[in-house]
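Whole structure, please, built from the sequences with the hints as guidance.
Listed below are the residues making up each chain.
Protein chains: 2
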Amino acid sequence: MSSKPVVLTGIFHETNGLPKLFQDELEKHFTVIPEDHYAANPENADSQIVAILPWFAKPVVTEEMVKRMPKLVIVASISAGYNHLDVPMLKSHNIRISNTPNVLNDATAEQAVTLMLAAARNTVVGVKIAMGAAQPELNINFHGRQFSGSTVGIVGMGRIGMAVAKRAAAFDCKILYHNRSQRSDEASVGATYFKDLNEMLPLCDFICVVVALTAETRHLFKYEQFSLMKKTAIFCNVSRGDTVDQDGLLKALNENKIHMAALDVTSPEPLPRDHALLKCSNCIIVPHWGSATEKTRLGMCQMAIENTLQALKGDKELTSEVFN
Amino acid sequence: MSSKPVVLTGIFHETNGLPKLFQDELEKHFTVIPEDHYAANPENADSQIVAILPWFAKPVVTEEMVKRMPKLVIVASISAGYNHLDVPMLKSHNIRISNTPNVLNDATAEQAVTLMLAAARNTVVGVKIAMGAAQPELNINFHGRQFSGSTVGIVGMGRIGMAVAKRAAAFDCKILYHNRSQRSDEASVGATYFKDLNEMLPLCDFICVVVALTAETRHLFKYEQFSLMKKTAIFCNVSRGDTVDQDGLLKALNENKIHMAALDVTSPEPLPRDHALLKCSNCIIVPHWGSATEKTRLGMCQMAIENTLQALKGDKELTSEVFN
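Same order as they appear, the protein sequences are chains A and B. Read the first sequence against the working numbering and you will find it ends at 351, with the numbers running on by one and no gaps. Read the second sequence against the working numbering and you will find it ends at 351, with the numbers running on by one and no gaps.
Be aware that a few hints might be false.
For chains that are exact copies, the list does not tell them apart, and a pair is met inside one copy or across any two.
[Stated by the list, open to error] With a straight-line Cα cutoff of 25 Å, these simulated DSS-like cross-link-like pairs (lysine-lysine) come out:
| no. | residue 1 | residue 2 |
| --- | --- | --- |
| 1 | K201 | K284 |
| 2 | K257 | K193 |
| 3 | K258 | K322 |
| 4 | K322 | K85 |
| 5 | K47 | K278 |
| 6 | K322 | K257 |
| 7 | K306 | K155 |
| 8 | K193 | K322 |
| 9 | K284 | K322 |
| 10 | K322 | K201 |
Worth flagging that the hints you see were computed from the coordinates, not collected in a lab. All figures in this text were calculated on a predicted structure; none of them were measured in a lab.
In structure tokens form, the structure reads like this:
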């Protein structure tokens, strides 16, 4: 075995595990033991592992595992969220924890704008018409909604929300936002604050959800909220599926309470094939790809590596340490 | 017949003619004779028609027709382009001509950004995966290209090109452009001029064609140009299909000389169903919907109406008169 630090990761798998892109990057710095190799012979590895780098919540880091790894210094998750980690347990064993926030802000904001535009301009149905088996009519009047100059309501004005606002402002959109607190820098994107979500919704042509999922934001969007929106409104969610009561959304779509929904996230993911949302012609759903660009994913991997190397050197400050 | 001015238009047809949206607007101001009604009884109408408002080049305005219409004042095309009109012939009969430029700049620029984003982020294939019949794998690593922070080359830097640049700049893109002449206001969008198209192409992650179709720009993009692009490049065309040599594009796509093409325009439109471009998995095509938003189309109709009313009043200046 080489003298590189030994780290435990998820399995390598091009569609459902660590991609080659990450493997190459990780192996520049570490001797990498993927979860399936580890499972075959854990005793040999336990004494050498100095870091665990979970990807899409795998491997699951248990207390038993931590107790078996005397040299473990850090759990460096390749993700912004860390609700898959038992933070108090890790802290009780003096294991450091890091995540990879912010590096995915641009990609996720971009995904939100992509979905709003694609829904507005009928891109998916357009490709079906222009490239489908049936010789199309001219369809010159298949009118889309226009994003440029519209009113966009952003729900959750963190860094991703601000990145959406910055982009929408260049389309001459009027920006409204709902957030726990008013932002002091709202003027930089010309955004107007609404403390009351329900007051904002009737004013929006587009509603863009980028709020973090918490107990307060779970099912923030119910049938009632969709009923408050314009009949021409396009609802976009790039946060987490559970911010939406999907039964309420389904009812609203079937009753044409809104024009369209465009979803990067659902609950669960993927939806079971018999789910009624998949039958809605006024809904587009993509896999949870908010951060899924090569550039951003590589950036996340590199940030996790950076955090790990810093922790192994004993740096007091990591690029992105999780304390709470 | 009412005392409203009598105008000749194309037929009413929701998909292939004048939509209800236009009919309602036109009938506020005019007694409207659609082409099919006119054909049934032209003699009665000829003496009354004061304006012709072509939509998607129909009705075709012939010299015979003009000679039969003694009160005809203006041909007010509901379009930016006017290559479907015989300008010298109309001028020789002292018929005024107007078009509807600029009102569609935002919608067309928006369509370009929509297509670049949808191609980059795999939106069309994403919907197929997330909503298709087959239970999808998680596909967490289906990496897209990132538009944010990329280098975008705009070919044809008129008002639509500038509107694309303004939007791309908000995604922190580096903007390059090729145009007949360098723009004095290029700094307003931070754009860098390339006199030589072939010098610009190897530098671009996205190439966005918004150039007018002329003898010089016909087949501006041949196999050679695609071969100069990055293998990861995304090529987007929202101008006219004939700016591209489609055989060259097809060869480049089949040889993966570029990552993807996203086309609002083809030659012809729609493509025949056996056209090889329709089989390319690295190409998305939508119907020619650059200006196809309700807001913009209504704006075009209203501008044509405005031009007509101004001409009927004898105004010396129309909102948008065609002189050449």
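_My question is about K201 and K284: at a cut-off of 25 Å on alpha-carbon distance, are they close within one copy, between copies, both, or neither?_
within (22 Å within a copy, 40 Å between copies)
- Message: When Cα atoms must be at most 25 Å apart, do K47 and K278 count as within-copy, between-copy, both, or neither?
- Response: Answer is neither; intra-copy 42 Å and inter-copy 29 Å both fail.
* Asked: Are the CA atoms of K322 and K201 at most 25 Å apart within a copy, between copies, both, or neither?
  -> Between copies only: 16 Å across, 30 Å inside.
*asked:* I want to check one pair: K322 and K257. Are their C-alpha atoms no more than 25 Å apart within a copy, between two copies, both, or neither?
replied: between (36 Å within a copy, 16 Å between copies)
First find the shortest C-alpha distance between K257 and K193 inside one copy, then the shortest across copies, and answer within, between, both or neither for a cut-off of 25 Å.
Answer is within: at 23 Å inside a copy they meet the 25 Å cutoff, but 28 Å across does not.
- 25 Å Cα cut-off: does K258 pair with K322 within a copy, between copies, both or neither? between (37 Å within a copy, 16 Å between copies)
### Message
With identical chains, the pair K322 and K85 could be close in the same copy or across copies; at 25 Å between alpha carbons, which is it: within, between, both, or neither?
### Response
Result: close within a single copy only, 22 Å intra versus 48 Å inter.
> 25 Å Cα cut-off: does K284 pair with K322 within a copy, between copies, both or neither?
Replying inline: This pair counts as between: shortest inter-copy Cα distance 20 Å, intra-copy 38 Å.
Check K306 against K155 for me: Cα-Cα at most 25 Å, and say if that holds within a copy, between copies, both or neither. Both: 16 Å inside a copy, 12 Å across copies.
**Item:** Same-copy or cross-copy closeness of K193 to K322 [CA-CA at most 25 Å]
**Value:** Classified as both: same-chain Cα gap 20 Å, cross-chain 23 Å, threshold 25 Å.
In terms of the numbered hints stated before, the structure departs from hint 5 and from no other.
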